[in-house]
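Number of protein chains: 2
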Amino acid sequence: MSVPEIEAIRKFVFERILNQDTRTKSVNLFGAIDSQPAIIIAEKTAFPTDSDILESFSKETHLPALSLIEHNDIYHWFLASLESGELPRCANAKLTLIYPATETHVRKYSAQSLRMVTETAAIYKEFVLPYINTKRENGRLNWVYNILEKKKESESIIIEDTDDREGFMLLPDLKWDRKTMNSLYTMALVRRRDVTSIRDLKKKDAPWLRRLQKNILQGLCSKYPDLEEDQIKLYVHYHPSYYHFHIHAVAVSHDGGSGQAAGKALLLQTVISQLESLGGDQEAGLADVDFTFFLGEESELWQNVFSNMKKGGKTA
Amino acid sequence: MSVPEIEAIRKFVFERILNQDTRTKSVNLFGAIDSQPAIIIAEKTAFPTDSDILESFSKETHLPALSLIEHNDIYHWFLASLESGELPRCANAKLTLIYPATETHVRKYSAQSLRMVTETAAIYKEFVLPYINTKRENGRLNWVYNILEKKKESESIIIEDTDDREGFMLLPDLKWDRKTMNSLYTMALVRRRDVTSIRDLKKKDAPWLRRLQKNILQGLCSKYPDLEEDQIKLYVHYHPSYYHFHIHAVAVSHDGGSGQAAGKALLLQTVISQLESLGGDQEAGLADVDFTFFLGEESELWQNVFSNMKKGGKTA
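These protein sequences, in sequence, are chains C and V. Residues 23 to 338 in this note's numbering are what the first sequence spells out, letter by letter. Residues 23 to 338 in this note's numbering are what the second sequence spells out, letter by letter.
If you're looking for bench data, these hints aren't it; they were derived computationally from the structure. In this text the structure is predicted, and so the values were computed from the model without any measurement. Cβ atoms here follow ideal geometry from the backbone N, Cα and C, with glycine treated the same way. Don't take every hint at face value.
Below are the SDA-like pairs computed for lysine to any residue, each with C-alpha atoms no more than 20 Å apart in a straight line [what the hints assert, rightly or not]:
#	chain 1	residue 1	chain 2	residue 2
1	C	Lys-81	C	Pro-70
2	C	Lys-130	V	Ser-135
3	C	Lys-33	V	Thr-124
4	C	Lys-236	V	Val-166
5	V	Lys-224	C	Lys-333
6	C	Lys-130	V	Glu-37
7	V	Lys-33	C	Leu-101
8	C	Lys-81	V	Lys-332
9	C	Lys-201	V	Lys-245
10	C	Lys-116	V	Lys-225
11	C	Lys-245	C	Asp-199
12	C	Lys-33	V	Ser-78
13	C	Lys-201	C	Lys-130
14	V	Lys-333	C	Leu-239
15	V	Lys-225	C	Gly-307
16	C	Lys-245	C	Thr-184
17	V	Lys-332	C	Ile-39
18	C	Lys-116	V	Thr-124
19	V	Lys-130	C	Asp-199
20	C	Lys-236	V	Met-331
21	V	Lys-332	C	Glu-250
22	C	Lys-81	V	Glu-37
23	C	Lys-81	V	Ser-135
24	C	Lys-116	C	Glu-92
25	V	Lys-245	V	Thr-202
26	C	Lys-130	V	Val-274
27	V	Lys-332	C	Arg-38
28	V	Lys-81	C	Lys-130
29	V	Lys-33	C	Gly-318
From the derived model, a few chain C residues whose C-beta atoms are all more than 10 Å from chain V [as the list claims (entries may be wrong)]:
#	residue
30	Arg-45
31	Ile-145
32	Arg-158
33	Gly-241
Chain V is nowhere near these chain C residues, computed Cβ spacing over 12 Å in every case [claimed, not checked]:
#	residue
34	Glu-82
35	Phe-149
36	Asn-160
37	Leu-163
38	Lys-172
39	Arg-187
40	Pro-194
All chains should be modelled from the sequences, with the hints used to inform the complete structure.
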C-alpha cells in the first residue's frame with residue numbers, strides 16, 4: 023500500500039536548518055522534494071501518560087537500553103532509548119533518578135498551582151515587609167556578602183565596579199555554559215545593601231539605575247565582542263528569590279520560561295520608566311504602588327500572606 | 023557487566039505523576055525502589071543536528087516507521103519513529119511537511135534574532151504613530167469590527183457587554199480547545215474604537231480599566247464555575263499584533279512562551295497601576311512614557327524604524 027505523501031517526504035533532500043529549539047525539542051529543516059522547496063517541522067512527542075506505560079516505565083520492556091552518564095550522591099543521570107539501540111547516539115530520553123528522595127524533593131518536582139495576587143501598598147507594609155525582614159535575618163544573605171567581599175566565587179567575576187555606592191559585580195548564572203552567546207545568562211549584584219527589592223526604589227534612584235544599566239551593557243559588550251547591547255535583556259524579579267537587589271542580564275533570544283514572564287519579571291527599563299513617570303517628589307517610590315504577580319500555592323508568601331487574605335482570615 | 027544504578031532504576035515501582043510538561047516533553051514520576059521513595063525526571067532528548075543525520079532525516083534508515091495523520095493543501099502531518107515500530111503508539115516524533123513551500127513559509131519557520139529597543143515618547147510620536155496609523159487604514163481592522171458588529175464569530179462569544187462606551191466581547195483564542203481550564207485562552211475586544219494600544223490610555227481611563235478587569239474575571243468565573251478569579255492572568259501586548267485595544271485572559275498555569283514574556287506582555291494590572299501612579303492631571307497618559315520591548319529583526323517595526331535609528335540613518 024503506497025501513500026503518496028510518504029513517498030514524497032522520503033524524497034526530501036536536506037539543505038539547511040531554519041531553526042531549532044532544544045527546550046521544546048523541535049527542529050525546522052529546509053530542503054527540496056523533486057526540486058521544489060519543502061520544509062519539515064519535526065517535534066518530539068510528549069511522554070504518554072497511560073498507566074500501563076508508566077507502570078513499566080523503567081523496565082526493559084519499555085526502555086530496553088539504559089546507560090548511566092553520571093551520579094552524585096542521591097542524583098543519577100541516564101540516557102535511555104525506547105527501542106534497543108546504541109547509546110548515546112540513539113538516546114530518546116534523558117532520565118534523572120533521585121533516590122532516596124525526601125519530601126522536599128517531592129514538593130520541588132510537583133506541579134504547582136499558580137495564583138495571581140495584587141500586593142497593594144498597604145498589604146506590602148503590613149504583611150509583606152515583615153516577611154521580607156525575616157528573610158534577611160540570621161545570616162541568610164551571608165552568601166551574597168561573601169561574594170561581594172570576594173570571599174567566594176571571585177574567580178567567576180565577569181565585570182566589577184568597586185564603588186561602594188554605585189558599584190556592582192556581574193557573575194555568570196549556573197544555567198550558563200559561559201561560552202554560548204545565545205544563551206548568555208548573568209546576574210549583577212549591587213554593592214549597596216539597602217535595596218532589598220524594587221519596593222525600596224525611589225524616584226531619586228532612577229539616575230543610578232540608568233548608569234547601572236549602561237555599565238552592565240557596555241561591560242558585557244566589551245567583554246564579549248560578538249554581543250551587541252540590544253541583544254541583552256535586563257530584568258528583575260518581584261518577588262526575587264533572595265532580598266538583595268540584583269539584575270538578570272540575559273540574551274534576548276534565551277527562552278527563560280516563567281522566570282521571564284510578565285507577573286514575575288519586570289524589565290529594568292520598565293522599572294526606571296515607572297520611577298521617572300511617578301507623581302510626587304524625589305522621595306516618592308515603588309513602596310506606594312500596587313504590584314500584581316503570580317505565586318505558587320506552595321510558596322511561603324502564598325501560604326503565610328495571600329491565601330489567608332483570600333479566605334478573609336488573619337495573616338500569619 | 024552489572025551497573026548498580028541501572029539495577030536500581032529497573033526496580034522503580036511507579037506510584038503517581040508529580041508533574042508533566044507537554045511543551046518541553048518532560049514528566050516527573052514518583053515511586054519507590056526497595057520501598058524507599060524515588061523520583062524519576064524523564065525528558066525527551068533534543069534532535070541531533072549532526073549533518074549526516076539531517077541528510078538522511080526522512081529516509082528509512084533514520085525514520086523506519088512513518089504514518090500520515092492528516093493533510094490539507096500544502097500541509098501534511100505525520101507520526102514517525104526512530105526505530106521500526108507500531109505507530110502511533112510508539113511514535114517518537116511528529117513531523118509537519120510543508121510542500122511546496124514559499125518564501126513566506128521559510129521566513130515564518132526561520133530563527134529570528136531579537137533586539138531590545140526603547141521607544142521614547144518622541145520616537146513614538148515621530149515614527150511609530152504614523153506606522154500604527156497605516157496599520158489601521160484601508161479596512162485592515164474590518165475583521166475586528168465584523169466581530170464587534172456580530173457579522174462574524176458571534177456563535178463563539180463567551181461573555182458580552184454591549185455598552186458602547188464600556189462594553190467588550192470575550193472570545194476564545196484559536197489556541198484553546200474551549201474545555202481544558204488549565205489552558206484557558208481567551209481575548210476581550212473592547213467596543214471603543216479610539217484606543218489603538220496602551221499608548222492611547224490616560225490616567226482618566228484607569229477606572230474604566232478596573233471595571234473591565236472586574237467584568238472579565240467575574241464573567242469568566244460565572245461561565246466556568248471551576249475557575250477562580252486569581253487563576254486568570256490578564257495582559258496586553260505592546261506592540262500588539264493588531265491595533266484595536268484587546269486584553270488576553272489566560273489561565274495562570276498556561277505556559278505562553280515569549281507571548282507572555284516581560285518585554286512583550288504587560289499585565290493589565292500593571293498598566294492600571296502605572297496609570298494611577300503617573301504624575302500630572304487626568305489627561306496625562308502612556309503616550310509620554312518610555313517603553314522597552316523586544317522585536318524580531320524580520321518585523322516591520324524593526325526594519326522600518328528601529329534598525330535605521332540604530333544605524334544613525336533616517337527612518338522610513
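Hint check, failures only: 2, 4, 5, 8, 9, 10, 13, 17, 18, 19, 23, 27, 28, 29, 30 and 34
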